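Student: Here's the letter readout for the chains.
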Amino acid sequence: MKQNVFLLFCLFSLSLFAQDYFPENKAVKTKSSNYIALESAIIHISPSETVENATLLIKDGKIVDAGKNVKLPENTVKIDAKGKHIYPSFVEVYSDFGIKDIKTAPSSSQPQYEPNRKGYYWNDHVRPEQSATSHFKFDEKTAASLRKAGFGAVNTHMTDGFIRGNGALMALVEGDNFNSNLLNENSGMYYEFSKSKQSRQAYPSSIMGYTALLRQFYHDSKAYQNNIIEEKDLAIESYLAKKSLPQLFSVDDYLDALRADKIGDKFGVQYTIIGSGDEYKRVETIKATNAHFVLPLKFPDAYNVEDPFLREYLSLGDMKHWQYAPVNAKILSENGIDISFTTKGLKSPDDLLKNLKKSVDLGLDKTTAFAALTTQPAKVIGASDLLGTLEKGKIANFIITSHELFEDEFKIHENWVQGHRHSYEPLDVVDISGNYDLVLNGETFDMDIKNKSGKFSVEVKKDTLKLGTKLSYEEDWMTLILSDADKSKEEYAILSSKIEPFQSNFSGKAILANGDTASFKATRQTEESSETSEEEKEEEEESMEMLSMSYPNLAYGRDEASTEPQRLLIKNATVITGESEGTLENTDVLLKDGKIDKIGKDLSDRGAKVVDGSGKFLTAGIIDEHSHIAGTSINEGGHNSSAEVTMEDAVDPDDVSIYRAIAGGVTSIQLLHGSANPIGGRSAILKLKWGENAEDLIYDNSPKYIKFALGENVKQSNWGGNSRFPQSRMGVEQVFRDYFSRAKAYGEKKATGEPYRYDDEMETLLEIINGERFISCHSYVQSEINMLMKVAEEFDFKVNTFTHILEGYKVADIMKEHGAGASTFSDWWAYKYEVKDAIPFNASIMHNQGVTVAINSDDGEMIRRLNQEAAKSMKYGGVSAEDAWKFVTLNPAKLLHLDDRVGSIKEGKDADVVLWNADPLSIYAKPEKTIIEGVVYFDIEKDKAMRDQIQKERQFLIHKMMKAKNKGLETQPIQKKEKAFLHCDSLDDINHIHE
Amino acid sequence: MILTIYTNKMKYIHILLSCVVALASTQFINAQQTPAAPQSEAISIVGATAHIGNTDVVENAVVVFEDGKITYVGTDTSQAKGKTIDAKGKHVYPGFIAPNATLGLVEIDAVAATDDEDEMGKMLPHVRSLIAYNAESQVVESMRPNGVLMGQITPQGGRISGTSSVVQFDAWNWEDAVIKENDAIHLNWPTGFSRSGTWYDTDRVWEKNKEYTQEIDELVAYFKNAEAYVPGSKEKDLEFEAMDGLFDGSKGLFIHVDGEKEIKDAISFKRKMNLDRVTIVGGYHAYKVAADLKANDISVLVQRTHLNPNFEDDDYDLPYKLPKLLSDAGVLVALEGSGRMERMNSRNLPFYAGTAAAFGVDKELALQMITLNTAKILGMEDQIGSLEVGKDATLFISEGDALDMRGNILTKAFIQGRDISLESHQTELYKRYSNKYQD
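Protein chains in written order, with my numbering: chain A, 3 to 997; chain B, 171 to 609.
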């Protein structure tokens, strides 16, 4: 076996520099400078150019020429590479090759809010000043394994921090000095949504914290460049020096790729995305980024589905990803997206070609795959003039292979890096496979030698009787042990022969069972090729059968990512308009172009699909003023104000909660930031268009909102945080006064027309003061509710909405006077001290006082039956049915300043409607159709059909996985994605704070 | 230091509270409504639609009760006696029963000092909920205006979490609250599959719980030892003493379990231990083994219907229709409501039943799932659970359909014939602030 054995032939001493200025004290400095020619090879100069029977001429680690008529100078050493393929060595874009260990900052029991560093950016996770070369030590062990996998150069960088500094392009051979293999010390700036180990600074602790931080950093860099920031900032200075380098953003899922790209678009930066392998899920959107994607080739193993009970824990979505991951590259490239490959995430670089072959077998174009290993990554890091092809003048990084890339028997014989030769498999192994007549000691045997990817096996028969055999073939010597078919005899003969090239027969010495020496001769009858058997082929073809994509690509996903509005005519329904018309019996509603077109009796429309509404109820879709579904994360608790973050950066369109919510008749939600801090983040107001992209869920011309919070959560009463101001309600007031005072001052400075540092946080607060952005404030007890209204009045704006507002009934008159609305729970209380006096009559008292009241969920379960929650206000306080229904439709629309678009059934409003089997305020009601902008997103009949489909698809994939397991492929244990239902209190990233 | 400051703060609050108590009208601040006096005269409810609790409905009913017991249910108006309540157009229901509840064991979730639901340790059959039951809990009194008049108060945590008792919700203290003391032992069945990693890891691997078989073996050994134990022995074993009633059927065994495999193992455990009364609590996957449950005479307290599906691929309405799936298969089904915010949400028990009805269960059967079936599972069907002669007069009058939010408006409620208050801390605040705005 040749496990990890590589042979370094220092046959040809080379130096890259014509004038070497390093002193030499151990030998003479003058060295020969011969040419090397590899002859008679099939040279793949580039993905688009292959020359057969060609010569590659190199000198001093560079390519002199490649092609058919290469003139060889006299001082040329020739190497015969007949029949071999020569490719450019691969280029790795993402690596921490040779980067020395990075010290982890000590942990502490309380979160840290300040940075460790002085003289740098205010956030420790922004580290553009980091440079790969200053933390580098050549790591021969890793270099060897990368070379063995076909790589010639890697771009290495410090994989630590959010903005991680610049990489360095290294050839994978240790030179006499550091300079010889350093191809570019400044080759690309790296980013990743993750924190530096070198600091415990709490911010950012969420995806929207990262995106906000990046935006602010770009703003600050610009301000710094314009001399608006007076303090010295080494981080920004370093960034400014490196900002024209390629910018590479490494992500964990396709949503993060889109998030990064969106920021890039805003600031004129086109990132190259180091991808996540799930980009196929939204390929159209991925394409629209115009980004180059460097794709990982880590594919999930088949899950171990042998336990019939454990299977339950496995989702169709995960199983589909198992099937789709290997075709990700194919889907992307066929959609015109530029791709490269990386070993990122692989256990060993050796898995790269193994996995890539899987993708090629599943239809990835071979030339594209070749380019994605060579020219494409070279282009990404701006090294096309050095690497990626075998053209004149480029660095002599190339591999010599037995077969064409991605052939079954492909293997790498040698990898030359900067002209240094590394051999793995001898170039000149003679293929001894074939069918022979073996004559030994006068007897003739039938011998069959098979060659499977360089592994030889043998079968020897006397007539039909099979003999025992053991074959070894190494370093030009073949040894064959033959034993008697009858094993009990323990008789054997040893045959050995030196194998010479260009001979079809071989012969040699045999030592017989009795110790006698004899000679033998093997005469080749036919050249037998090892073909894949019919059976295997069939199986491969079957494994190409893919389940169709859905959006999202999991259970209950839609067939199409986006759908045109239908023209629907709902006939003879009881229509609860939510307007002054009240409830209309036997009424028709026409939905056209995504709008409610007509309401009336006996409507007809030739182009419309008719939906029978008789015996059913039609209402406007439910609107949840306070929701945390469809969010990747909820709280940015790293600062006591996070006005700069926006939940629009955290939308997760693949959350099955969306489907479950529309099954409960919900069509719009406000995805609110959590309540970890007094000034939270900006909202994302969404339509629950299940299946569509994150960006398409967000309302067009969305009104602007921000979450504020008061009380126990912001003073961190219930989870022990005591290092952040405020710790009491008294402090909460001062946080607001402080921030608004600063925002006002900021606004005044801005108004003078003088240059100022653009501050996203202050801009947001200024919008509030100017009445352009509305507050939805998490609140419980009357004192704090009162306080916020007074602070708002001091700064001359209104609090738009108090959410939760469980003691609103105690200050309803003051709220009415101030003009604040209320969005509350129907009957929650007693879960913490501040809701001790919460009463289910709250909604009705506030309503009676003239406050605009909504009932919200703040919960992934309750959102599924907000109709029931609305009906509770009829029980508690005797609200009329008509008003109760408005609590979950028109009133939240009003609170969200969307009542001109949604919230009731009115001609001209969005066609967001729900068809119920019964009066929606009844416990017995359930939605049969939920329609948003004229598209049916939930249909109870279609749901039934999908259940069957899901079972079928599950069975199909389980069967495939069982097969994979039986074939001896590796399997992995079952994972169940825990989608925790996020609430106001949900702090993600606690691990980052407390680990 | 921190602790000292905290204590001072608390003291301050106490002082503040006592001042308020002294100043304000006592009604608002006092813990609970005063328990009603024993029934002194016969009471007849006349003209209502009576929902018996066994799926029967009697229109224009006459329901008579004396000395706390129901003495007549029918349509013969001549049977009416004593004080007559005209309930024409209204509905009479047996009081709803909240099984597997922690009412009165915790007052405010986030205030640890008010939490008495979970004792440390693993095998705790001797730990009894009853003595910690706070009859004056404001959360408990908030049950009554919704018709939830009784509960099985159940300890949480551990392998055997303890012994529950059944109480009614209008009492001075736990002694007069109790209607069945130490009714059942609660066993949290081991999980067959467990996850690696910590809670905040996103990709946590599910694997077989390697200790699963051993944990069951331990349970078997524990139960065998308990069975062999002679009660009243000189060497007293508190744990086994508490287990005693399991083997003669005087106590029920409530096995809290969700997975299909685990439920199968629990069924086999019942057979092995030759137990009389076994109930599955939760039972997310019980519908997959419904026939087996029926064959082994095992009832199910189905998890709160107002929950999300546990698995991404599950039907969106699976939690809503679990009661139907099991009941259609002939299993004795009642509804429970444990889980997040379970105490204050216990008053939504009728709406859990209403939701079951929305997803396929007949309305009267849905009612039975929070009344007579619950009583049967608690082994108390002779005393509570339906409007039948001889049973406790624990019942209420509602303006409309009590399983529907719109109709669940109580005008009268009786517990063992006592005319209880339908006021609460919450209704007092409602009135107080409504009045404030009227002035």
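Errors might be hidden in some of the hints.
Computed cross-link-like contacts, DSS-like style, restricted to lysine-lysine with a CA-CA straight-line distance of at most 30 Å [as the list claims (entries may be wrong)]:
#, chain 1, residue 1, chain 2, residue 2
1, B, K458, A, K838
2, B, K606, A, K954
3, A, K394, A, K381
4, A, K349, B, K582
5, A, K838, B, K606
6, A, K965, B, K378
Computed footprint of chain A on chain B, listed as stretches where at least three residues anywhere in the stretch have a Cβ under 8 Å from a Cβ of chain A [claimed, not checked]:
#, region
7, 226 to 239
8, 271 to 281
9, 419 to 433
10, 485 to 491
11, 575 to 581
Hint data in this document are derived by calculation from the structure and do not stem from the laboratory. This structure is a prediction, so every number in the text was calculated from the model and none was measured. Where is the CB? At the ideal position from N, CA and C, for every residue including glycine.
Student: Does each hint fit the structure? Answer for all of them.
Tutor: Consistency of the hints with the structure:
A threshold of 30 Å between alpha carbons decides the hint, and for K458/B with K838/A the separation of about 41 Å lies outside it, so the pair is violated. With a CA separation close to 62 Å, the supplied pair K606/B and K954/A exceeds the 30 Å bound. With a C-alpha separation of about 17 Å, the suggested pair K394/A and K381/A falls inside the 30 Å cut-off, and the hint holds. Using a Cα cut-off of 30 Å, the hinted pair K349/A and K582/B is violated, with the two alpha carbons roughly 70 Å apart.
For a cut-off of 30 Å, the pair hint linking K838/A to K606/B stands: about 20 Å separates their Cα positions. The suggested pairing of K965/A with K378/B holds, with an alpha-carbon distance near 21 Å, which does not exceed 30 Å. Remark: the region 226 to 239 of chain B is not confirmed as covered by chain A, as 0 of its residues place a Cβ nearer than 8 Å to a Cβ of that chain, below the required three. Chain A is given as covering the region 271 to 281 of chain B, and this holds because 5 residues of the stretch bring a CB closer than 8 Å to a CB of that chain, at least three being needed.
For the region 419 to 433 of chain B, the proposed coverage by chain A is satisfied: 3 residues have a C-beta within less than 8 Å of a C-beta in that chain, meeting the threshold of three. Closer than 8 Å: that is the beta-carbon criterion, and the region 485 to 491 of chain B has 3 residues meeting it against chain A, so the requirement of 3 holds. Counting residues of the region 575 to 581 of chain B whose CB falls under 8 Å from any CB of chain A gives 4; the rule of at least 3 is met.
Checked against the numbered hints given earlier, the structure breaks hints 1, 2, 4, 7 and satisfies all the rest.
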